[in-house]
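Engineer: Sequence:
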Amino acid sequence: MRHNKKFNHLSRKANHRAALLSNMACSLIMHKRISTTLAKAKALRIYVEPILTRAKEDNMNNRRLAFSLLKQKEVVTELFQNVGEKIANRPGGYTRILHTGFRLGDAAEMCIIELVDYNENMLKETKKAAKKATRRAGKKAAEKPAAEEVKAEAPVEAPAAEAPAEEAKAE
Numbered sequence: 000m001r002h003n004k005k006f007n008h009l010s011r012k013a014n015h016r017a018a019l020l021s022n023m024a025c026s027l028i029m030h031k032r033i034s035t036t037l038a039k040a041k042a043l044r045i046y047v048e049p050i051l052t053r054a055k056e057d058n059m060n061n062r063r064l065a066f067s068l069l070k071q072k073e074v075v076t077e078l079f080q081n082v083g084e085k086i087a088n089r090p091g092g093y094t095r096i097l098h099t100g101f102r103l104g105d106a107a108e109m110c111i112i113e114l115v116d117y118n119e120n121m122l123k124e125t126k127k128a129a130k131k132a133t134r135r136a137g138k139k140a141a142e143k144p145a146a147e148e149v150k151a152e153a154p155v156e157a158p159a160a161e162a163p164a165e166e167a168k169a170e
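Position one of the sequence shown corresponds to residue 0 (numbering that gives the first Met the number 0), numbered consecutively onward.
Each hint should be verified, as a subset may be incorrect.
[To be verified] Once the Cα atoms are required to be at most 25 Å apart in a straight line, the calculated SDA-like pairs of lysine to any residue come out as:
id, residue 1, residue 2
1, Lys70, Leu9
2, Lys72, Gly83
3, Lys127, Ala87
4, Lys70, Lys123
5, Lys12, Gly83
6, Lys55, Ile111
7, Lys41, Gly91
8, Lys55, Ala13
9, Lys41, His15
10, Lys127, Thr94
11, Lys41, Ala18
12, Lys39, Phe6
13, Lys31, Met0
14, Lys85, Met121
15, Lys31, Leu114
16, Lys41, Arg16
17, Lys31, Glu73
18, Lys72, Ile45
19, Lys72, Arg16
20, Lys55, Gln71
21, Lys70, Ala13
22, Lys39, Ile111
23, Lys123, Met29
24, Lys31, Ser67
25, Lys31, Asn58
26, Lys31, Phe101
27, Lys31, Ala136
28, Lys39, Glu124
29, Lys39, Pro49
30, Lys55, Lys72
31, Lys123, His30
[Claimed, not checked] Ranges between beta-carbon positions, derived for each pair:
id, residue 1, residue 2, range
32, Gly104, Arg63, 26 to 34 Å
33, Thr76, Glu108, 17 to 25 Å
34, Gly92, Arg63, 19 to 27 Å
No lab work stands behind these hints: they were computed from the structure. Don't be surprised by glycine CBs; every beta carbon is placed ideally from N, CA and C.
Please work from the sequences and hints to get the whole structure.
Structural biologist: So, in structure tokens, the structure goes:
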């Protein structure tokens with residue numbers, strides 16, 4: 000039974016699982032995107048998000064805690080210098096999982112896990128969508144008189160067009 004088992008053990012012993020997640024977290028931080036199975040990606044997201052939260056504030060204690068989990072000096076430097084600055088304003092949700100299909104050998108569900116702020120293609124789309132979604136009262140007020148002017152102009156033009164036709168009938 001799975002009573003009180005809160006995380007996926009990934010069919011590995013504790014030391015093997017810790018090494019796997021540490022190496023995957025290092026690869027994710029260095030490459031900003033990795034391809035893996037869905038189960039490993041979900042376990043990695045739980046592992047790496049608290050580390051990324053610590054990276055928002057650069058101090059010695061946070062660096063030591065990150066190093067104890069990642070165990071690679073270059074990765075910790077990259078995390079605090081580049082990644083931490085880029086995610087500083089984000090309140091959470093630093094990673095995104097994109098499903099890619101099934102592996103041919105064993106039909107395991109594959110996915111890509113990436114850092115959200117580093118996918119520039121999706122960032123461009125959200126910026127465009129955000130611009131379309133915003134509506135301000137000033138724009139609404141400006142649009143209404145313009146619509147009324149068009150309605151007011153239409154009847155003025157119609158009698159002018161009918162007047163020559165009536166003159167032609169009279170002749």
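Engineer: Hint by hint, where does the structure go against what was stated? Just the numbers, ascending.
Structural biologist: Violated: hints 4, 5, 8, 13, 27, 28, 32 and 33.
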